[in-house]
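Trainee: Can you build the whole structure from these sequences, using the hints too?
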Amino acid sequence: MSVTFTTYSDENPSGLTSEVNDEKAFTALYDRDFRLLFNYVFSKVNDRFAAQEIVQELFISIWKQRHINTIQVSRAYLFASAKNLIISHYRKEYTRQHYYSQWEVQREVSTEPTDQPLLMADLQQRYEQGLQLLPPKCREVFLSSRKGQSNREIAQQLTISEKTVEQHITKALRLLREYLREHYAYALVYLINFLD
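Quick note on my numbering: the sequence shown kicks off at 714 and runs consecutively.
Hints were generated in silico from the structure; no laboratory data involved.
We put the CB at the ideal spot given by N, CA and C, even for glycine.
You can take every hint at face value.
Derived lysine-lysine pairs resembling PhoX-like cross-links, with alpha carbons at most 25 Å apart:
id : residue 1 : residue 2
1  : Lys805    : Lys757
2  : Lys876    : Lys860
3  : Lys805    : Lys777
4  : Lys777    : Lys737
5  : Lys860    : Lys850
6  : Lys850    : Lys876
7  : Lys850    : Lys884
8  : Lys796    : Lys757
9  : Lys796    : Lys777
10 : Lys884    : Lys860
Computed beta-carbon distance windows for the label pairs:
id : residue 1 : residue 2 : range
11 : Glu891    : Gln862    : 21 to 31 Å
12 : Arg890    : His811    : 38 to 48 Å
13 : Ala789    : Ser814    : 30 to 40 Å
14 : Ala741    : Trp816    : 41 to 51 Å
15 : Gln837    : Lys884    : 14 to 24 Å
Mentor: Below, the structure written as structure tokens:
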């Protein structure tokens, strides 16, 4: 089906019709009205990128409709279409902001300090359980090291070498790390605080 773009200008109110070359008529329409529409949309949305996207969307819509029927495009039609796209833009923006705000509220609620005591209590319980899984000598060395005793002091107290003390501590840390893997971030905070 042949498409007819009829464009109405201030100079030629009766219209300018191009049946021979649709692309030429569309290009003429685009060249004539893009800047005017862009300025109008920009004045409403105050965002150059969004304004350009809206005007491009308008012209794409006109181009896609070229096979449906004869398109008669007046400036009133262009501005009314642009206005509808601006309203659509603000609806999408409002929806996006609404969901973003909801997400922010959820994020703040989930990271409130009131959750920390529960998390720390859960971590403390898991830590205690993990300690019980350690071999007795390994647990004794590890707990002594956490009480501030040096490797030398622990070695002298238990009559073992400093190297053995280091091995027990390394083993305890590895086993606890594996056991506390799902709470690893909290475990690190806890262990750092526990060391202080």
